[in-house]
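Residue strings, one per chain:
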Amino acid sequence: MQQSAVDAVIRGLKRAGVSIVCYLPDSLFKELYPALDADPDIRTIQVTNEGEGAAICGGVFLSGKRAALVMENSGLRASVEPLARMGLGAGIPVVMLMSYRGDMGENNWWAVPHGVTMEPVLQALRIPYVVEREEERIEQAIFDAYELAYSSYYHTAVALSGSIVR
Amino acid sequence: MKRFECMTKLAARLSDELVVLSLGASVDEWYNAAPHMRSASLFQQQLGCVTPQAFGLAAGLPERQIISLDTDGGLLFNLGILATLGNEKPKNLFVVVWDNEMYQSIGGPKTHTASGTVDLAAIARGAGVTHAYTARTLDEFDAHCEAGLASDDPYIVVAKVAGTVQPEIKRKHSDGREDKYIFVRHVEATEGITIMGPSEHN
Numbered sequence: 001m002q003q004s005a006v007d008a009v010i011r012g013l014k015r016a017g018v019s020i021v022c023y024l025p026d027s028l029f030k031e032l033y034p035a036l037d038a039d040p041d042i043r044t045i046q047v048t049n050e051g052e053g054a055a056i057c058g059g060v061f062l063s064g065k066r067a068a069l070v071m072e073n074s075g076l077r078a079s080v081e082p083l084a085r086m087g088l089g090a091g092i093p094v095v096m097l098m099s100y101r102g103d104m105g106e107n108n109w110w111a112v113p114h115g116v117t118m119e120p121v122l123q124a125l126r127i128p129y130v131v132e133r134e135e136e137r138i139e140q141a142i143f144d145a146y147e148l149a150y151s152s153y154y155h156t157a158v159a160l161s162g163s164i165v166r
Numbered sequence: 001m002k003r004f005e006c007m008t009k010l011a012a013r014l015s016d017e018l019v020v021l022s023l024g025a026s027v028d029e030w031y032n033a034a035p036h037m038r039s040a041s042l043f044q045q046q047l048g049c050v051t052p053q054a055f056g057l058a059a060g061l062p063e064r065q066i067i068s069l070d071t072d073g074g075l076l077f078n079l080g081i082l083a084t085l086g087n088e089k090p091k092n093l094f095v096v097v098w099d100n101e102m103y104q105s106i107g108g109p110k111t112h113t114a115s116g117t118v119d120l121a122a123i124a125r126g127a128g129v130t131h132a133y134t135a136r137t138l139d140e141f142d143a144h145c146e147a148g149l150a151s152d153d154p155y156i157v158v159a160k161v162a163g164t165v166q167p168e169i170k171r172k173h174s175d176g177r178e179d180k181y182i183f184v185r186h187v188e189a190t191e192g193i194t195i196m197g198p199s200e201h202n
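Top line first, the protein sequences correspond to chains A and B. Each residue of the first sequence is one higher than the one before, starting from 1 at the first, in UniProt numbering. Each residue of the second sequence is one higher than the one before, starting from 1 at the first, in UniProt numbering.
Because the hints were derived from the structure by calculation, they are not lab data. Be a bit skeptical, because a hint or two may be false.
[Stated by the list, open to error] Capping the alpha-carbon separation at 27 Å, the derived lysine-lysine pairs in DSS-like fashion look like this:
id	chain 1	residue 1	chain 2	residue 2
1	A	LYS14	B	LYS89
2	A	LYS30	B	LYS89
3	B	LYS170	B	LYS9
4	A	LYS14	B	LYS91
[Unchecked claim] Some chain A residues well away from chain B (every beta-carbon gap over 10 Å; in silico):
id	residue
5	ALA55
6	GLY64
7	GLY89
8	GLY115
9	VAL131
10	ARG133
Positions of the beta carbon are idealized from the N, C-alpha and C atoms, including for glycine.
Input sequences plus hints: build the corresponding full structure.
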């Protein structure tokens, strides 16, 4: 991930008012995590699985602060249970930023399931999402994800792929 | 030790705290044991989410005391949160684990704590939550509530309670969505903030 893309993600999060980020580190976003850790305006919380991160983000929503769940798209599968209960059961939103493993160009066999399952899982949970492959669209995509999450009180997701993460 | 009696002891110590609690019969018990805390309590139906949500709330409101009323089944569903608490060390989070050694809400099949070999407080200490204890009597539980609410470290008390439900208590009628609105409006009013504000146009 290029530094300019890392900067764009952080600009988007700040423009959306995010002050807490929960993450489980992955390889495609590996440059993003230390940059988030180092940012004085953002508190990072490393979690043990993405479902735990989703639930923490839900609690942050209830505090009036804004949170982001940052992860590889495989983490979406680990988050399905809390996302379904919080989103469909109570209207507690979580905004997710995911690296898109398994997209066209993937060269790891183990990442193929992530590409196969990501969009169907998002659609099963009725989560609006965008897949961004151009760096210049990152900031606005993140900002827009918060606008919709805070008018629908439901989850939204941004997946980053293509030249952004390779 | 009965859970409802423990709840009555804890409720007597609470006024402006915020509570997140687990699913099942403990919901209706808390609704009755702490009527003054109803709007300050988030009633959810989320196995494995309770303490993580409470921690998120504690991270977002660092000056407010947050209480998680979790369960043995709920904590076993996501033990990883203990490691996160051990590293993050929130100063304003008190966790009660109602350990009745069973999945009570579905009729009472045993959890892993029923064997006597699984010690949730010891797991928590091993994860870095140094203030993690087991209470077996009402006096022990009440003493841990006093200490836990005053602690500047995360504090967990595993309350070994009977698998009984307080009889003839009033049922809560609202669902998770209504409960969320009640809770959010309470947080907004008491913190002087807006969480769910107006749209651009009405």
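Against the structure, the hints:
1. At roughly 25 Å between alpha-carbon atoms, A/LYS14 and B/LYS89 fall within 27 Å of each other, so this suggested pair holds.
2. Pair hint A/LYS30 plus B/LYS89 holds up; C-alpha atoms about 25 Å apart against a cutoff of 27 Å.
3. For the given pair, B/LYS170 sits about 19 Å from B/LYS9 by alpha-carbon distance, which is consistent with the 27 Å threshold.
4. Taken as a hint, the A/LYS14 and B/LYS91 pair is honoured in the structure, with Cα atoms around 26 Å apart against an allowance of 27 Å.
5. Listed as outside the interface, A/ALA55 is inconsistent with that label: its C-beta sits roughly 3 Å from the nearest C-beta of chain B, within the 10 Å cut-off.
6. Listed as a non-interface residue, A/GLY64 fails to keep its Cβ farther than 10 Å from every Cβ of chain B; the least gap is roughly 4 Å.
7. Taking the minimum C-beta to C-beta distance to chain B, about 5 Å, the non-interface status of A/GLY89 is violated against the 10 Å cut.
8. Its beta-carbon lying about 26 Å from the closest one in chain B, A/GLY115 satisfies the requirement of being farther than 10 Å from that chain.
9. No Cβ of chain B approaches the Cβ of A/VAL131 within 10 Å, the least distance being about 26 Å, so the stated non-interface status holds.
10. At the 10 Å boundary, the C-beta of A/ARG133 stays outside the reach of chain B, the nearest C-beta of that chain being 29 Å off.
Checked against the numbered hints above, the structure violates hints 5, 6 and 7; every other hint is satisfied.
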